[in-house]
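Note that the protein sequences, when read in sequence, are chains H and A.
So for the first sequence, our numbering puts the first residue at 1; every next one is plus one.
So for the second sequence, our numbering puts the first residue at 1; every next one is plus one.
Treat the hints with caution; some may be incorrect.
The following residues of chain A were derived to be distant from chain H, with all beta-carbon distances above 10 Å [said to hold, decoys possible]:
1. Gly236
2. Thr294
3. Ala327
Label pairs and their in silico Cβ distance ranges [what the hints assert, rightly or not]:
4. A:Asp187 x H:Asp331: 52 to 60 Å
5. A:Glu274 x H:Arg111: 42 to 50 Å
6. A:Thr141 x H:Asp18: 25 to 33 Å
7. A:Glu106 x H:Gly60: 25 to 33 Å
8. H:Gly60 x A:Thr185: 37 to 45 Å
Read the hints as simulated data drawn from the structure, not as lab findings.
These numbers were taken from a predicted model, which means no experiment stands behind them.
The beta-carbon is built from N, C-alpha and C at its ideal position, and this holds for glycine as well.
There are 2 protein chains.
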Amino acid sequence: MRETLAEWRPAVDEAITDLVPREVDADYLEAYFGEPTYEYDPDGIQRALADPLWELLDRGGKRWRAVLFLVFIEGFGEDPERYLPYACIPEILHNGTIIVDDVEDEARKRRGEPALHHIYGRDVALNAGNAMYFLPLKVLTQNPAALPADRQLAAYEMLIAELNRTHLGQGMDICWHNERDPQITPDQYLEMCACKTGCLGRIVARLAAIVTGQPEAVERAVADYAELTAVAFQIGDDILDVENSLGRAGEFGKEFGNDVREGKKTLLVIHAIEKSSPEKAERLQEILAADSTTDEEVLEALSIIEEAGSIEYARERALGLAEQARAEIEDLEFDEETTRKLREFTMFVIERDV
Amino acid sequence: MRETLAEWRPAVDEAITDLVPREVDADYLEAYFGEPTYEYDPDGIQRALADPLWELLDRGGKRWRAVLFLVFIEGFGEDPERYLPYACIPEILHNGTIIVDDVEDEARKRRGEPALHHIYGRDVALNAGNAMYFLPLKVLTQNPAALPADRQLAAYEMLIAELNRTHLGQGMDICWHNERDPQITPDQYLEMCACKTGCLGRIVARLAAIVTGQPEAVERAVADYAELTAVAFQIGDDILDVENSLGRAGEFGKEFGNDVREGKKTLLVIHAIEKSSPEKAERLQEILAADSTTDEEVLEALSIIEEAGSIEYARERALGLAEQARAEIEDLEFDEETTRKLREFTMFVIERDV
Numbered sequence: 001m002r003e004t005l006a007e008w009r010p011a012v013d014e015a016i017t018d019l020v021p022r023e024v025d026a027d028y029l030e031a032y033f034g035e036p037t038y039e040y041d042p043d044g045i046q047r048a049l050a051d052p053l054w055e056l057l058d059r060g061g062k063r064w065r066a067v068l069f070l071v072f073i074e075g076f077g078e079d080p081e082r083y084l085p086y087a088c089i090p091e092i093l094h095n096g097t098i099i100v101d102d103v104e105d106e107a108r109k110r111r112g113e114p115a116l117h118h119i120y121g122r123d124v125a126l127n128a129g130n131a132m133y134f135l136p137l138k139v140l141t142q143n144p145a146a147l148p149a150d151r152q153l154a155a156y157e158m159l160i161a162e163l164n165r166t167h168l169g170q171g172m173d174i175c176w177h178n179e180r181d182p183q184i185t186p187d188q189y190l191e192m193c194a195c196k197t198g199c200l201g202r203i204v205a206r207l208a209a210i211v212t213g214q215p216e217a218v219e220r221a222v223a224d225y226a227e228l229t230a231v232a233f234q235i236g237d238d239i240l241d242v243e244n245s246l247g248r249a250g251e252f253g254k255e256f257g258n259d260v261r262e263g264k265k266t267l268l269v270i271h272a273i274e275k276s277s278p279e280k281a282e283r284l285q286e287i288l289a290a291d292s293t294t295d296e297e298v299l300e301a302l303s304i305i306e307e308a309g310s311i312e313y314a315r316e317r318a319l320g321l322a323e324q325a326r327a328e329i330e331d332l333e334f335d336e337e338t339t340r341k342l343r344e345f346t347m348f349v350i351e352r353d354v
Numbered sequence: 001m002r003e004t005l006a007e008w009r010p011a012v013d014e015a016i017t018d019l020v021p022r023e024v025d026a027d028y029l030e031a032y033f034g035e036p037t038y039e040y041d042p043d044g045i046q047r048a049l050a051d052p053l054w055e056l057l058d059r060g061g062k063r064w065r066a067v068l069f070l071v072f073i074e075g076f077g078e079d080p081e082r083y084l085p086y087a088c089i090p091e092i093l094h095n096g097t098i099i100v101d102d103v104e105d106e107a108r109k110r111r112g113e114p115a116l117h118h119i120y121g122r123d124v125a126l127n128a129g130n131a132m133y134f135l136p137l138k139v140l141t142q143n144p145a146a147l148p149a150d151r152q153l154a155a156y157e158m159l160i161a162e163l164n165r166t167h168l169g170q171g172m173d174i175c176w177h178n179e180r181d182p183q184i185t186p187d188q189y190l191e192m193c194a195c196k197t198g199c200l201g202r203i204v205a206r207l208a209a210i211v212t213g214q215p216e217a218v219e220r221a222v223a224d225y226a227e228l229t230a231v232a233f234q235i236g237d238d239i240l241d242v243e244n245s246l247g248r249a250g251e252f253g254k255e256f257g258n259d260v261r262e263g264k265k266t267l268l269v270i271h272a273i274e275k276s277s278p279e280k281a282e283r284l285q286e287i288l289a290a291d292s293t294t295d296e297e298v299l300e301a302l303s304i305i306e307e308a309g310s311i312e313y314a315r316e317r318a319l320g321l322a323e324q325a326r327a328e329i330e331d332l333e334f335d336e337e338t339t340r341k342l343r344e345f346t347m348f349v350i351e352r353d354v
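Could you put together the complete structure from these sequences and hints?
Encoded structure:
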């Protein structure tokens, strides 16, 4: 998978440049957004849109959403080159959510540098992030692969459905953060992940199925594969945060006990609260709810999670989901090469090797 | 127009309630957003979405975007009742932009009460505002008026195009705010208004034309009518701020010299900078760029604007645009009643009587 990622990345970035060039001018604006009624200000739009977008993209990212899309296209027996503009859709959407999430979380850093709202101001960053929700959807109207109208419509309907659920997931997550004692079941936690993280994965998979005209059952299977992989990824993220904080996972680049300090209600926390004694559960909730937390308190919370067996529980769930994801793929008639890549992908995702 | 607004408002609010009920439950979530993979948290989504949305809607607003849509539908000879869910699309979009704009501007108040991010927190408010960008678009997929597929697709393409331009307009506006001396032409200012404010008006008009299957020329004419009216409205807003601040326009409910304090580059400011002596133009820019501004400085800036004849200039432009808007309508074969309502609407909009 690593080679596939490296192989496609330049082409993906080139395709993104076709949608949002590094240097905006009036000709581009007219071609992409339509004739102005009066007169565009290319300088303003450069600073409001192109600069923030490329600032973030140039900081890295493996473009795995775009590449996964292209792997599917190839698996469906079509030429990935032809669908490169469509590969940019989930990639730009994803980067838009990053900018908006960072504003919502008041994040200081992103990919090792100041979060975008610290560079451009909250207003510019937020508007750029939101613009990135709509900008890539115009690819469907431009219709570079000359899709028939029914596929264009199906793609729009799919995107709107998934982007709706993305916001439900983010909404649940934020509300749980902000409350001391939300009553969340493990299934509700998994649903939050499926919505918040999974829907972007579903967009990757379903878009590939729709533009190449796959039967519904195939679209459903690849969507489930992508969603399951994304949920497994999210749980893996939560586990890593705890393990790293307990000094077990080596370098992970996150601050110590981040999730506990933020009061995140992860699957591990939900499990620990359920399985611990009432006193310990209460103490864990207290630490999570506190406005500021000492290192000792963070360690105390982490010990409660560890003692409840929540790390093993979460790892088993994540592995189970990755297993299910692979099973979705086995039933499809992909060539060996594609099946191998997709299977590998579920591993990489959990092992954070992408 | 006032009667038309009062007449339709309850039906519009009822239709919005069908899309986002005041009390969210699992059945609604499943029906509207699709089956969950695991289990939704209706309580979380209540607080993340339904509560903020209804908090804002219950504060007032005339729902004129929805009603204007219904006036068009009636003018096109169709039954407005049948298209009520579609009337909610621009209304919910508009309220979403209000929430997001208030976060971007760090606004304290909205409709006389605290801005939503001061009640729910920035994260919840922002996510709710963004959710309201996608939520109403699902109406097209639900297809309550049983539209043929080509009209569904045309509606999606139109919405994505206009929402893209909305973000260009907002981007230009923000960038100009943040810069001391942006070189803006009057045409670029009008374009910013056409994008930022006009596109929501265009959505109202074009959506009505598309769902009822009007010819392209009709869609273009009503879109231009709506855009011109919106631009006139925006300029009217800028004039009112200056006039009110100069103690001429009576009660307007805004704080004194708001636009000057914010450093807004309005059409009046652009004109004043162009027409004043270099010293006065420099002084005006200096005051606009200042981080904090005394009442005396605000009045000084306002005098420079007034002396340059910028109020008259802006009023003439606004009246000219409203005239153009009316001309777009005259050529269409609407019944007298509809033409009267639409003509009235351009007046009401400028006189702030809606």
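Okay, the hints, checked on the actual structure:
The Cβ of Gly236 (chain A) lies farther than 10 Å from every Cβ of chain H, with a closest approach of about 17 Å, so its non-interface assignment holds. At roughly 24 Å, the least C-beta separation between Thr294 (chain A) and chain H is larger than 10 Å, which holds for a residue marked as non-interface. Against the 10 Å criterion, Ala327 (chain A) stays outside the reach of chain H, whose nearest CB is about 15 Å from its own CB. For Asp187 (chain A) paired with Asp331 (chain H), a C-beta distance near 59 Å keeps the hint of 52 to 60 Å intact.
A C-beta distance of roughly 43 Å is found between Glu274 (chain A) and Arg111 (chain H), which places it inside the suggested range of 42 to 50 Å. For Thr141 (chain A) and Asp18 (chain H), the hinted distance range of 25 to 33 Å is satisfied, since their beta carbons lie about 29 Å from each other. With their beta carbons about 31 Å apart, Glu106 (chain A) and Gly60 (chain H) fall inside the hinted range of 25 to 33 Å. In this structure, Gly60 (chain H) and Thr185 (chain A) meet the distance hint of 37 to 45 Å, their C-beta atoms being roughly 38 Å apart.
Hint compliance for this structure: no hint is broken.
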